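Colleague: One-letter residues, chain by chain:
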Amino acid sequence: MRLTRAQRHLLDEGTHAQRKAMEILLTVGCLADAPRLVPITSAHVSGASYKMIGDPGLEFLEDFAQSARVSVPTTVNPLGTDLAQWQALGIPPEFAEKQARIARAYETMAVRPTFSCTPYLLGVRPASGEHVAWAESSAVCFANSVLGARTNREGGPAALAAAIVGATPEYGLHLDGGREPTVIVNVRTKPRGVDYSLIGLVAGERVGDGLPFFRGFRGTEEDLKWLGASLASSGACGMFHLEGVTPEARGARVKGLKSIAITRDDLIAAKRAHSDGTEADLIGLGSPQLSANELQTIARLIDRTPPRIPVWVFTSRIVRDANSEAVRLIERHGGRVLADTCLEVTLLEHRFGTVATPSGKGAYYLPSLCKQKVIFDDVATLLERYA
Amino acid sequence: MRLRARGIVPGRASGTAITSPAPFSFVGGVDLANGSILDDATGAAGERLEGRVFAFPTGKGSTVGSYVLYGLGKRGHGPAAIVNRRADAIVAVGATLAGIPMVDRVDVGGLLTGDRIVVDANRSSLELPDVKAQRVITAIVRNRGHILIVRRSQKVGTFRGRWSAISGHIEGREDPKHRAIVEVREETGLRAIVFRSAGEPVLARDGETMYIVHPFLFDAPSRRVRLDWENVEYRWIRPEELNHFETVPRLTDVVAAVLGPPA
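First to last, the protein sequences are chains A and B.
For the first sequence, my numbering gives the first residue as 1, with consecutive numbering after it.
For the second sequence, my numbering gives the first residue as 1, with consecutive numbering after it.
Hints in this document: simulated from the structure, not taken from any laboratory.
It is possible that part of the hints are untrue.
Said to hold, decoys possible - Below 27 Å or equal to it, Euclidean Cα-Cα: the simulated DSSO-like pairs (lysine-lysine) are: (1) B:LYS60 to B:LYS74; (2) A:LYS190 to A:LYS255; (3) B:LYS132 to B:LYS155; (4) A:LYS255 to A:LYS51; (5) A:LYS98 to A:LYS51; (6) B:LYS177 to A:LYS98; (7) A:LYS373 to A:LYS51; (8) A:LYS190 to A:LYS98; (9) B:LYS60 to B:LYS132; (10) B:LYS177 to B:LYS155; (11) A:LYS51 to B:LYS155; (12) A:LYS51 to B:LYS132; (13) A:LYS371 to B:LYS60; (14) A:LYS51 to A:LYS371; (15) B:LYS74 to A:LYS373.
None of these values were measured; they are calculated from a predicted model.
Please put together the full structure from these sequences, using the hints given.
Modeller: Written out as structure tokens, the structure is:
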């Protein structure tokens, strides 16, 4: 790989962490046959939940933090619990203590303690054509598809390395050619609510690591957040196009591509396939974390039909703090608004066995990551069912 | 002998090999406290990685594997080097963090637990000082979906009585494809064969000899075979029937190299 003089300097004479960061980028670049590193304007790292990375991850991050400092604005994924409410959630003290140490290690590295999977809702919105290095598959999908920014699906250590160096290997979705669609997906039903998650799940299963070009519907930014998160869960997709909506759909080469169709029957079948629970112990809302608008909508719904089982609502600390009225409303009806964490990376399996959720990503990962049975449906439907 | 590889993590190291036929996850696959292998699918459970050259086809499983490999290296329990058929980011990043030399694009099916191996990622090579290389061709001859296998006679030097495809030594700088055509004509009498494809070389071991097998696929217009002295019997079989026969090593993989994996 060709390196600039500054990059060569980091590799030869940088701090321990800078040298290691350069080595990681060279390794990742070597695997992908990348010719060089491309400068980035932001990074988003994953690997912050103690539940996910455990003692090996904690040990690495604490060692690394001794000399690692990020050189571009860097945000970080959700933790394994809400650092302010862990006691009320019945989280074991050892878990909370180790989780706090992970958070501190990231802060030592000058990572912004956002603990959020939705940096794009917190003011980190790279412009069209900007190169970034984001881990967190749902945020990657949003950045590429909705914002037109350019990032591969980075792994946690690779995104951290990119944050330290300020550059990432140039291949895949950083290149024009890597952003062309590989399959047309005609959606033959008008989606609403949970349908966006369902479209993502079905499409991801069918296109694998391809790049879908969707046709036949429209959606808000929030709708596309749910679609992308599901798509990136069941498939290895880092990007999609939606005709007439996403910025790079116009100009994408679709001529000659294979077409597949998604019908209402497919969505019904997918909902059934991802619902194996009978009676929920918990309603989990989030994954990705809710926007301010979504939090307010949920608060109104809960106020109208207060649920008789626990509701955990996941959002970022920033959105939680800025929406105290919605938080109060949800808490008045016994719900919890959790920050710093998210649905399937949070520790919940110590208390619950079946989770009801409208999140496609949640429905996809809860069985494996949290040993949960799932009831997967629209949020309004779920709240009415458990009113 | 020396094998070409692709350097992934720089460095040079040597050790005795542990080879796993199955993909490996460092999460759950190894005990972080002492570096002993836990995964039975490796065929090496209980062995310690420390100081060994660890060869497995590719990584699998959780991304936490990178951190486990880092922790193994920090404790001095990591392998001396890693050899893969296809490197994945989780193992490669972990090896980078731990400073463990790593190469890929090696057919690890030709490496045996106990082999002495020198891994040189800087020079993209693998040295097996105790093993001698022998380049051979294997020609898969096909007719209407069936492939030709032959049983080796008692007069040949190796693998007497085993089932094989048409094969032969490559002499000097000879073109392997040319050798394959010659061997098919000599051993089968089939004339109007049509070359279809060549596969990636497969490594097959017989003790201290490493056969570097160059696979070729030919279509034959008829099934009328006339054997020479090297073989005593022939059959036309469907590729998936191969496992009913006692064959030369890795014949299934050689067939897969030109026909794709069995259905």
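Colleague: Does each hint hold? Answer for all of them.
Modeller: Each hint, compared with the structure:
The suggested pairing of LYS60 of chain B with LYS74 of chain B holds, with an alpha-carbon distance near 22 Å, which does not exceed 27 Å. The hinted pair formed by LYS190 of chain A and LYS255 of chain A meets the criterion: a straight-line CA distance of about 25 Å does not exceed 27 Å. For the suggested pair LYS132 of chain B and LYS155 of chain B, the alpha carbons sit about 23 Å apart, so the restraint of at most 27 Å is met. With a CA separation close to 45 Å, the supplied pair LYS255 of chain A and LYS51 of chain A exceeds the 27 Å bound.
For the proposed pair LYS98 of chain A and LYS51 of chain A, the alpha carbon gap of about 10 Å is at most 27 Å, so the pair holds. Distance check on the hinted pair: LYS177 of chain B and LYS98 of chain A sit about 61 Å apart at the alpha-carbon level, beyond 27 Å; violated. Distance restraint check for LYS373 of chain A and LYS51 of chain A: the Cα-Cα separation of roughly 18 Å lies within the 27 Å cut-off, and the hinted pair is therefore satisfied. Distance check on the hinted pair: LYS190 of chain A and LYS98 of chain A sit about 46 Å apart at the alpha-carbon level, beyond 27 Å; violated.
For the hint linking LYS60 of chain B to LYS132 of chain B, the alpha-carbon distance of about 32 Å lies beyond 27 Å, and the restraint is violated. In summary, the hint linking LYS177 of chain B to LYS155 of chain B is supported, as the alpha carbons are separated by about 25 Å, within the 27 Å threshold. Taking the CA atoms of LYS51 of chain A and LYS155 of chain B, the gap is about 64 Å. The hint is violated against a cut of 27 Å. Taking the CA atoms of LYS51 of chain A and LYS132 of chain B, the gap is near 49 Å; set against the 27 Å cutoff, the hint is violated.
Between LYS371 of chain A and LYS60 of chain B, the direct Cα distance comes to roughly 20 Å. Compliance with the 27 Å bound is thereby established for this hinted pair. Distance restraint check for LYS51 of chain A and LYS371 of chain A: the Cα-Cα separation of roughly 13 Å lies within the 27 Å cut-off, and the hinted pair is therefore satisfied. A C-alpha spacing of about 39 Å is found between LYS74 of chain B and LYS373 of chain A, which places the hinted pair above 27 Å, so the restraint is violated.
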